[in-house]
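Residue numbers (our numbering), protein chains in the order written: chain L, 1 to 138; chain R, 1 to 138.
A hint or two may mislead.
Claimed, not checked - Residues of chain L placed beyond 12 Å of chain R at every Cβ, according to the derived structure:
#1 G15
#2 E52
#3 R95
#4 S124
Unchecked claim - So the derived label-pair ranges between C-beta atoms look like this:
#5 R:E34 x L:M1: 24 to 32 Å
#6 R:E34 x L:K135: 15 to 23 Å
#7 R:E96 x L:N122: 26 to 34 Å
#8 L:D108 x R:P131: 29 to 37 Å
Just so you know, the hints here were simulated from the structure itself, not pulled from any lab data.
Think of the CB as a built atom: it goes at the ideal place given N, C-alpha and C, for glycine as much as any other residue.
Protein chains: 2
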Amino acid sequence: MKIQIQPVGRISNKGESTIIEIYPEYSKALLGLEAFSHIMVFCWFHKNDRPEKRKTLQVHPMKNKNKPRTGVFATRSPQRPNLIAIFMCVLKEIRENRISVEKIDAFDGTPVIDIKPYIPHNDSVPNARIPKWVKEGE
Amino acid sequence: MKIQIQPVGRISNKGESTIIEIYPEYSKALLGLEAFSHIMVFCWFHKNDRPEKRKTLQVHPMKNKNKPRTGVFATRSPQRPNLIAIFMCVLKEIRENRISVEKIDAFDGTPVIDIKPYIPHNDSVPNARIPKWVKEGE
Chain L
1 MKIQIQPVGR
11 ISNKGESTII
21 EIYPEYSKAL
31 LGLEAFSHIM
41 VFCWFHKNDR
51 PEKRKTLQVH
61 PMKNKNKPRT
71 GVFATRSPQR
81 PNLIAIFMCV
91 LKEIRENRIS
101 VEKIDAFDGT
111 PVIDIKPYIP
121 HNDSVPNARI
131 PKWVKEGE
Chain R
1 MKIQIQPVGR
11 ISNKGESTII
21 EIYPEYSKAL
31 LGLEAFSHIM
41 VFCWFHKNDR
51 PEKRKTLQVH
61 PMKNKNKPRT
71 GVFATRSPQR
81 PNLIAIFMCV
91 LKEIRENRIS
101 VEKIDAFDGT
111 PVIDIKPYIP
121 HNDSVPNARI
131 PKWVKEGE
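Pulled out of the complex, with its shape left as it was, chain L reads as follows:
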């Protein structure tokens, strides 16, 4: 089974601001999004879309050898079988097909593949347990 994804936009990351540019043919899908304070932005780690990166199943998180070798499904590594990234973002403003958000750590030009609203009663788990090696940034 092969699944095909079509980018719906791209990240414009210049200076301190991040704009999510939704392609005009998808702009109707933004109706009502500005009522949410936070959104989930799904991207594709396009620079890693090479067979050897997608075959990587274990890494030292953040390339730090002091962190234990870990399965990629237990990390946010940009090397993984499907190169999906997720960012929880503060939504600042929407003008036509351009969504301003607080800074995202992604390359300029990164393909955007989905946007979803952040709904705290589904998505927020403040007390979720994490292992010791996880620090801010992973």
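Please arrange chain R on chain L, whose structure you already have, making use of the hints.
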């Protein structure tokens, strides 16, 4: 630009339990996942993988005409350009390539496309603002 996704597993949803069956060739990617209490499970709404479903840009959430017509990027609708689903789950147990989680509302056989750990300092926004039409379940 076309992006190809390969399923890494499937949802086994029988009775009250949900098992995520990771395909054996990806089982090494699970190393260390059991240290997290919660995981994000990314799926593909495969039953909607038809052009007309993927062209849907606005819906009445939960097919409820009393809710305002809304862009799919402002809903969790299973009709959207890229049929990505995300579930925040309580991880119960991992045995080899089988992850037991608390019940997920997904069809038996749904393709799983990624697993990520839930990291509260990145992912939890307890006070995110939502519009009035959003209720439990959307």
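Structure-based check of all given hints:
1. G15: 23 Å, holds
2. E52: 15 Å, holds
3. R95: The claim holds: L:R95 sits with its nearest Cβ about 15 Å from chain R, beyond 12 Å.
4. S124: It is violated; L:S124 is separated from chain R by about 5 Å at its closest Cβ, not greater than 12 Å.
5. R:E34 x L:M1: 24 to 32 Å: Hint holds: Cβ distance 28 Å, inside 24 to 32 Å.
6. R:E34 x L:K135: 15 to 23 Å: 19 Å, holds
7. R:E96 x L:N122: 26 to 34 Å: 29 Å, holds
8. L:D108 x R:P131: 29 to 37 Å: 31 Å, holds
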